[in-house]
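First to last, the sequence lines map onto chains A and B.
Under my numbering, think of the first position of the first sequence as 1, with each following residue one higher.
Under my numbering, think of the first position of the second sequence as 1, with each following residue one higher.
Accuracy of the hints is not assured; some may be wrong.
[Stated by the list, open to error] Simulated DEER-style distance windows between Cβ atoms: (1) A/Asn142 x B/Ala5: 15 to 25 Å; (2) B/Tyr4 x A/Lys139: 23 to 33 Å; (3) A/Thr15 x B/Leu23: 43 to 53 Å; (4) A/Phe214 x B/Ile371: 15 to 25 Å; (5) B/Gly340 x A/Glu203: 40 to 50 Å; (6) B/Leu28 x A/Asn114: 38 to 48 Å; (7) A/Ala2 x B/Leu375: 43 to 53 Å; (8) A/Thr15 x B/Ser329: 35 to 45 Å; (9) A/Asn114 x B/Leu408: 32 to 42 Å; (10) A/Val20 x B/Leu23: 39 to 49 Å.
In short, the hints are calculated from the structure, not lab data.
Please read all numbers here as calculations on a predicted model, not as lab measurements.
Note that the Cβ used here is the ideal one computed from N, Cα and C, for glycine as well.
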Amino acid sequence: MALIELQGINKSFGTKDKKVSVLENLSLKVEEGEMVAIMGKSGAGKTTLLNIIAAIDYPDSGTYLYDGKEVKTRNTSQGIKFRKDRIGLIVQHFALINDFKVYDNVELGLWETNVKGSARKKRVMEVLESLGIADLKDKYPNVLSGGEKQRVAIGRAIANNHKLLLADEPTGSLDSDTEQDILNILKDLNSKGMTIVMVTHDEDVANVCDRTIFLDKH
Amino acid sequence: MKFYARNLARSVFGHPKVNLIILFDLILTAAAVFVLIQNFYFLKEKHDEFFGEDRVAKTYELYVGESVFPLTESDAQSKSNMFYLGLELYKEINASPIKTFSYTHDRRGMRGGFYDKATDEKMIASGHRELIDWYYVSDYALEAFGLKMSEGRWFNNEELDYPYLQVRVPVIFGSNFASAFDVGDVIIFDDDNYYHDEAVVVGILESSPGIEYYGITQSGFDDAVIFPEIESFPRLHARKGKDFSGYADLPKSIRRRLDYVDRERFRTLTTGYLYCPDESVDVQKLINDYTSKYGFYQITATPIDGTSYSETKSISERNLLLIGVLAVSTTVICMISLGGVLYNRTLDDRRTYCIYMSAGIPLWKINLSLIMEMLIWMVISLMPVIALSLYEFETLLIPLWQIALFELIVMSVSIAPSLRVNSKCNLDLLIRNQMN
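All chains, please: the whole structure from these sequences, using the hints.
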């Protein structure tokens, strides 16, 4: 069964008189365990699509099924609730909290879960070690390199063992060596069963994925 | 709990400068409100001490310094220009919300007053064997003494103005005589100077508590016999059988007595009383306004059944109001200032809040954390005020809850824009890196 299934999704922005259609009658399926890249020109609706999958934004029409169940979120609170146990999110510019140490930034992903006390600590350390940043746990993000920051962001996104990881240009701010490191990490996570959907401009990044979906600009 | 602890620590230590301004703002609010409320209490205590405990008076005693008052008894006797001026003043004052009146009272032995046997027997039948309250009253006494009629009526204007022209002198009895006399009964009574004069009962009073005089109830009316205020009653034969059509037709002796009515009115200004049912009128100020037109100010109105609504009281009330307004203004200014600072801080924090939300932390927890932080600042800001009060006065002069309540109001209003901006946190902007 497809983990994500979109049927006839339409999304436009602007006022009634001046509407810009971003997604038109879009349908796609992402199977569980797949690693899918979404490509397209600027303004083609890549991030909008990602937002709809993450329930950050909502389609004007069409159906969104997650794990076979229709997603009907229509506000921020519903979106947060939906994402909490299902989706990890990575963005291009890392979105780390600079006032928190690396450890806390990763642990943040577990604050709203039932993983408490020593189990939480153990899980955070597992994630940090799996990403090779355990020695950075007491450092603040502003002293980390781009690659290290993105590892911390991935750590926070995967700490809760979500089925789905969404990534918007996860290597967009990184040099090519670091980019490869991050892709290896993502590939490794995918090989362990995590479904990954990432938005990218980079064909090399897309080539790592099982499949690439191209979006045309309307 | 982890979220609250970490986020509070981040928020408190993450914006040292802004938080110092917030703290300073709250301390200023607490201090200002403390000082203002404290002064409000001090002022209110003094205000209540002078004005608050008693009722506002309706009855005043008038007094004038003889040496400086230009209206004298000789003016009245000689009917000088000043006499007519005084009468004008009387008319003007009595056309205003305040009314001057006068009365005389004494207690007489029953047999010293009523001559005829029938009246005497009725008096005994009503249980009166000892002293009776004799009153001579002028206009407005009914209202001023708060009297009510149970039967008949009060004196009409003609009876009050020209008691000498009445065929029989009108008399009103107190409630204790109700069983013995009826309206319309004619009695014969003795006056100090004249004897065997006839009076007709025009009304009987309801029971009343009596006249309050500087806080003490005196001179009840239940055992009262009340006549219009006149110097003395002429013999009945002086006017019996005569038909008077005007002042000029009156015998000289009667005319003299009519003049006496004017003299009595004149005297109410100098040694009489004043009745003012409208408690909001500054009686002394109103009298001064009238007398100043004639170039003198010496009529003093002293409240006898309460306190006066004076300019001092009015100023005192205005001061109270001013302090209240200052407290509210300070609160509003602090609200605006604190709200602005907090709003900008929240704008800076929105990226962090979006990250929280992307990690599944609900908005209400983020908002609750903000409220908790403000409560912490509030408690801290109260410390200097409490310390200062304890140091200065060794006690909290005003209840802590009152300052805390003010601060809570300030905080609640100040935080509202921040909560509003939080509700508009947009994860899409975070993803697109368009935040901050």
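Structure-based check of all given hints:
no., hint, result
1, A/Asn142 x B/Ala5: 15 to 25 Å, "holds, 22 Å"
2, B/Tyr4 x A/Lys139: 23 to 33 Å, "holds, 24 Å"
3, A/Thr15 x B/Leu23: 43 to 53 Å, "holds, 44 Å"
4, A/Phe214 x B/Ile371: 15 to 25 Å, "violated, 47 Å"
5, B/Gly340 x A/Glu203: 40 to 50 Å, "holds, 49 Å"
6, B/Leu28 x A/Asn114: 38 to 48 Å, "holds, 45 Å"
7, A/Ala2 x B/Leu375: 43 to 53 Å, "holds, 48 Å"
8, A/Thr15 x B/Ser329: 35 to 45 Å, "holds, 43 Å"
9, A/Asn114 x B/Leu408: 32 to 42 Å, "holds, 35 Å"
10, A/Val20 x B/Leu23: 39 to 49 Å, "holds, 47 Å"
Hint 4 from the earlier list is the only one contradicted by this structure; the remaining hints agree with it.
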